[in-house]
Amino acid sequence: MQRLDYLKESPSQTAGPYVHIGCVPNFCGISGVYPEDLGGVMRKPEARGEHITITGCVWDGTGTPLRDAMVEIWQADADGIYPGNEPRGQADPNFAGFGRNPGDQNTGEWTFETVKPGRVPMPDGRLQAPHVTFWIVARGINIGLHTRMYFADEEAANAEDPILGRIEHQNRVPTLLAEPQGQGAYRFDIRLQGENETVFFDV
Amino acid sequence: MSDGTFFTRDRGWHPPAFAPGYKTSVTRSPSRALISFPPTLSEQTGPVFGHDMLGELDDDLLHNYAAPGESAIGPRIIVYGRVLDEAGRGVPNVLVEVWQANAGGRYRHKKEGYVAPLDPNFGGCGRCISGEDGSYSFRTVLPGPYPWPNNGNDWRPAHIHFSVFGSGFAQRLITQMYFEGDPLIWRCPIVNTIPSREAVEQLIAPLDMNRTIPMDSRAYKFDIVLRGRRSTMFENRPEGN
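Line order of the protein sequences matches chains V and X. Counted the way my numbering counts, the first sequence spans residues 6 to 208. Counted the way my numbering counts, the second sequence spans residues 785 to 1025.
Be careful, since some hints might not be right.
Claimed, not checked - Derived Cβ-Cβ restraints for the label pairs, each shown as a range:
#, chain 1, residue 1, chain 2, residue 2, range
1, V, E51, X, G965, 24 to 32 Å
2, X, W939, V, L9, 33 to 41 Å
3, X, E854, V, A190, 41 to 49 Å
FYI, nobody ran anything at the bench for these hints, they're computed from the structure. As the structure is a prediction and not an experimental result, all values here were calculated from the model. Where a beta carbon is used, it is the ideal one built from N, C-alpha and C, also for glycine.
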């Protein structure tokens, strides 16, 4: 019999407590190597769409905020087009789509200044509700955690979202909903473990 | 951009979230099962970073934090390899970021309190973008092992942290590279979160005397493998098909 000759993916390891040195060196006081930290600015003032801020925290199983996590987000522009390698067209040139934030070193709180994403189709053409992909790494997290943030004020779109619809325990869906705080502000807390544990995905 | 979806991640090859030998994972691991779905555009796309963002010394940790005319202290090494996917194809134009302790095992980070001194000429961060065949390289000093509070006397093996972007956000990966022959590797609770010896060996870089520059720097080879993509009939880019 012939042998399949695929390689195996490199095994993941924790980002450890000093992920900031490599990913946001200016944040941790290493200046002069990179002019700015990657993913710090997602939008220019002229970016299309509703300008929003997303604030939140990552909490461990004891209810303590992680003060050494790194959170990355990836999302479509206001028209539902991804910057980068998009087969459907050119995204808003004033919007990066990618954000990276280490959170405050005392409170663990992070804020992304971004735009509200448009709807993106599934491979079969059905529309997904507006969402932001989150990826969380930190000391103690052996493999980066994927989740999605949806908007609690998009009830109709959320109700027909194919990914939310796959979640068997529908009482867990609210863990993926960011709550509006007025003035384009949203709050999204991520709970790694225990009560109201956030839904994490294997994509 | 490929419409080919990703090979499913083999979660039995990666470390599990809950690995009590590594104590911090106990309260930072989800207790519910992950929910699977086939990747959509949200996972198949990812940020693209251009060479124009790189500074001249970004891949040279010997000098990118050093005063003019100075260099970091420690054994000089070159780390090189390719970013590949599981089908063995080079993954071009993707960002590779690295960070590490200095030769004495000390990180330049305000929350680090190890007694070994900082090196005034060593910052510990670097980055590069893979070439058309997926190749990358950087030069640095060999990092030292260091103690950490897990059990009473745990020491990390010498290692370099790697953060790698693929062409899709579902390929996002952070891992660590270890050095051939280090006796601390098999004693490390973080290494031992990985279930199989074979998978651990994938993170151990061999010494490469052929790429070693005589009288200058030793070389270590470290290939990084990202998730593969299924082929589609609709496109024929070298990566993603």
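Output the indices of the hints that this structure fails to meet, ascending. Number 1 - this is the single hint that the structure violates.
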